[in-house]
Amino acid sequence: MSAQGDSRLSSFVFLLFCASSIPRPGMAGLRHEPSPQHYFSGLEAGRASLAFFTPHVSPAAQPFLEQIESSAEALQDYGISVVKVNCPKEDVSRYCGKENALRKAYLFRGNILIREFPTDALFDVNSIVANVLFALLFNEVKYVETLTDLQNIENVLKGKSNMVFAYVPATGTAEHRAVMEAAFVYGTIHQFVLTTEAALLKATGSDDPDGSSAWLLFCHCQRATDPAQPCRRTALAQPLTLLNIHRHLKLMGAPLVIEVAEDPEKVSTVHLQLGLPLVFILTQRETYEADRRTAEFVAWQLLGKAGVALLSRDLVDLNVLHRSNIALKTPDEGMPIQYLVLEDTDEVVTLVEDKSKVKQIQEDEEKEEEEEDEDEKENNNQDIQDDQVVEAVSRDKKRELPLEQVLVLTEETFHSSLSEADRTVVLFYASWEAVSLAVLRSYSEVADHLKGTPGVLLSRVNCWDWPGICTQENVTQFPTIKIYGKGEKSVTYDGMWGTEELTSFIILSRVSCPLKLATMDEAEGYLRGEFPPELSSHHHTSLLGVFSTATSEAREAFEEAGNILSGHVMMGMYFEDDGLALSRKYSVSPPALLLARSGGQSVEGIALPKQSVQDVVQMIRYELMDIFPEITVQNLPQYLQLTKPFLILFSDGDISQMESKEMLKLAKRRPPQAFVACWLNL
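Taken in order, the sequence shown gives residues -28 to -1, 1 to 654; the numbers are from mature numbering (1 follows the signal peptide of the UniProt record, and there is no 0).
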């Protein structure tokens, strides 16, 4: 419907609201006809009239006459005349006979009888107006008794028109009248459906246990293009009056989300005009699609309670904090727009439903800023908190992190960016999640360490803004780091989130795992710590797999294990014809593992029995670990991955040489991989 037509409709409805309170001098009100013949001869085609026939007025009929006369003006607003027809004493026709006179009222359209009403059903103005309009609006208002009837009407309307479903405990009530008057105005726009069945009310989700209260639902069937998709429903939260129904239908007809490219102080919407707040979701070009989805989700939650708008930072110069993501404009004149920082959609809904929440959030933010200023003054020399997550969140909550070296990816740039570098590191995170905030700090430090490293691109995806990417990349927890190489499967990081550990993982991931060595000299150099240029600054234990042409199965298992351990260990592989000579130099035969510690000063040969890929992975992890390690926060996950019992020496400080010597003896005497002997500094 056009805006101009909608405006005319609103004006017409407003006039209807005011009709009963505006004095109308000279209005005919109840019309009198001297005889049935005179009444029927004057009927106009298409024009409705409610007539009652009476030979005389008895005292018992006086209350009915008073109510019918009072309803005349209300019905005239809808083009329906109310007529009192006098019956001559000699007239004993159908309408003037003793059994009908003043016992029934008759509704005509032109000279066609539409309905007969017993006068006891027309007991007041509300019942008269409600029943007369209900009879005239037979096609505009469907009456249903069962849920199946309601669902059938819904199915017919899907993708075409919306439905207004109303329950009234009984016909002839004020609520019934309000629904009928609304249907008279909006019946050509929406399909109205009425019921008085309490069982049907419960089936549509009402909380009223006994069906004593009237209820109205707006069913958004026009949006339900899928036949299997139910129509969304928005209940009228206010009492069922004509003014409230009109207000509700106006809100339902407004755009779900509007887009704003001007000063929000100048924005006016139907919500503000009707006394409801307007929620602005601040957006920018990079996050527009995600913000649009968020705005639509919030708009459905707040439908009928507040309006929702997208406010573009790119088009409007806002003098507010960059971290502000929500603005609230109230209908109160002179009230400034409130800019807030909210972490999820539930907080936005609560903000609207609980008016005191705005003040509370602002007071909390001001208090946090004051406390932060005091903390910075008093605690500049304090040690960092033990809990790194708490410390990072507390420290970085209101501080812009130096993420200039980290590329922000969106749905439009994600796939194209993966082909820009040999290795693209992607941090998938959620901006509202505590661990993500802590890891962002480490990630920014990694980016600073690797600045200028050729072939490595560090990037990030905020899954709160781009959930589609994260779902597509099978990201099921936050944060997640993946490394993408051209033409290779992505590698997921599963280590600690410290800067050193992340940097090591990215550096190691630059080199193939396992690294294939072509000559005996390359293999020997590898064991001495002569790594590729990419690892020139990296110090790590070297592990070399040696294979002969007859050990292809073990070699394949080793290669697959390398894919799993990529980024965590440095693995080489040699399978040339002289591999047997290389392995025998270290007293083993292919397939074998050669472990070089301390730059090749000691090389240990380990037989590699025929095992599954997972067994090879676990064996490599085990062999790379210290025989008697100190357990720390950083290395505990590695030892837990062995799924072995722990034999722990607890020490108050460093252990002595004698304690270390005895524990080493015990660890070396144990059966291979029976348990992990370690110590813990209390």
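Don't read these hints as lab results, they were simulated from the structure. Treat the hints with care, as some may be off.
Unchecked claim - Pairs of lysine to aspartate or glutamate residues, derived as EDC-like cross-links and limited to a Cα-Cα distance of at most 16 Å, are as follows:
1) Lys488 <-> Glu528
2) Lys61 <-> Glu117
3) Lys174 <-> Asp96
4) Lys461 <-> Glu473
5) Lys488 <-> Glu417
6) Lys458 <-> Asp394
7) Lys132 <-> Glu41
Right, here's what the structure says about each hint:
Among the hinted pairs, Lys488 with Glu528 is consistent with the structure: their alpha-carbon atoms are about 13 Å apart, no more than 16 Å. For the hint linking Lys61 to Glu117, the alpha-carbon distance of about 44 Å lies beyond 16 Å, and the restraint is violated. At most 16 Å may separate the alpha-carbon atoms for a hinted pair to count; Lys174 and Asp96 exceed this at roughly 29 Å. Taking the CA atoms of Lys461 and Glu473, the gap is near 21 Å; set against the 16 Å cutoff, the hint is violated.
Only pairs whose Cα atoms come within 16 Å are accepted, and Lys488 paired with Glu417 is rejected, the gap being roughly 32 Å. Of the pairs offered as hints, the one joining Lys458 and Asp394 holds, with about 6 Å between alpha carbons and a cut-off of 16 Å not exceeded. In summary, the hint linking Lys132 to Glu41 is not supported, as the alpha carbons are separated by about 41 Å, beyond the 16 Å threshold.
In this structure, the earlier hints numbered 2, 3, 4, 5, 7 are contradicted, and the remaining ones agree with it.
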